[in-house]
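Trainee: Chains as they are written, first to last, in the working numbering: chain A, 1 to 112; chain B, 1 to 113.
Calculated from the structure, these hints are not laboratory results. Some hints could be false.
[Stated by the list, open to error] A few chain A residues that face chain B, going by a derived Cβ cut-off under 8 Å, partial list only:
(1) ILE28
(2) PRO43
(3) ALA48
(4) LYS51
(5) LEU55
(6) PHE73
(7) PHE88
(8) PRO104
(9) GLY105
Idealized CB from N, CA, C, for every residue including glycine.
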Amino acid sequence: GQQLNQSPQSMFIQEGEDVSMNCTSSSIFNTWLWYKQDPGEGPVLLIALYKAGELTSNGRLTAQFGITRKDSFLNISASIPSDVGIYFCAGQRKTSYDKVIFGPGTSLSVIP
Amino acid sequence: EAGVAQSPRYKIIEKRQSVAFWCNPISGHATLYWYQQILGQGPKLLIQFQNNGVVDDSQLPKDRFSAERLKGVDSTLKIQPAKLEDSAVYLCASSFGVNYGYTFGSGTRLTVV
Chain A
1 GQQLNQSPQS MFIQEGEDVS MNCTSSSIFN TWLWYKQDPG EGPVLLIALY
51 KAGELTSNGR LTAQFGITRK DSFLNISASI PSDVGIYFCA GQRKTSYDKV
101 IFGPGTSLSV IP
Chain B
1 EAGVAQSPRY KIIEKRQSVA FWCNPISGHA TLYWYQQILG QGPKLLIQFQ
51 NNGVVDDSQL PKDRFSAERL KGVDSTLKIQ PAKLEDSAVY LCASSFGVNY
101 GYTFGSGTRL TVV
């Protein structure tokens, strides 16, 4: 079945540092989504990407839809303690009713 | 705007027992999803409803899992009988439609012992 891979699996950074994480797939996706999940809560949508090559920002977050349609990247600039959590990428294929598939997540820890 | 409501927040049951989870989506959201999230993994879609009809239940273990959304609003997910491997967080999400981003509830954490 379709699978998404995320790297790194986990990361520990100092407050103020920039963060980069990525998501890859063997299949082409029409939509890429990035979510953040805090402990004990459901995932919250951060950024949605709908077009190959698209670069979208949301505050300190920037995400890109890869040209090949098989990958996406998320960058966080000037990290702060509240950025701690698990970041999931998710992809949706061509048809409107295709299910959204989630990656395994990247766990981010920020050291004050 | 009220979010997606789920209950209970936590449930501990013995294997072979039955359990039910409830979800109240955001008002006006036609599409409702149930996801299973095993510890350390991303959410996996179990079933997707459009109003009160099932759009996708291809990953729902139908021998033990069932879900309904009779009036196109609230939904229940049932497991009967539960197995140890069903221990997970069960997330409900809703959206206006399949092309819109959706909102997750806080989930129900199920532990099967």
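Trainee: Please name the hints from earlier in the document that this structure breaks, with their numbers sorted from lowest to highest.
Mentor: 1, 4, 5 and 6
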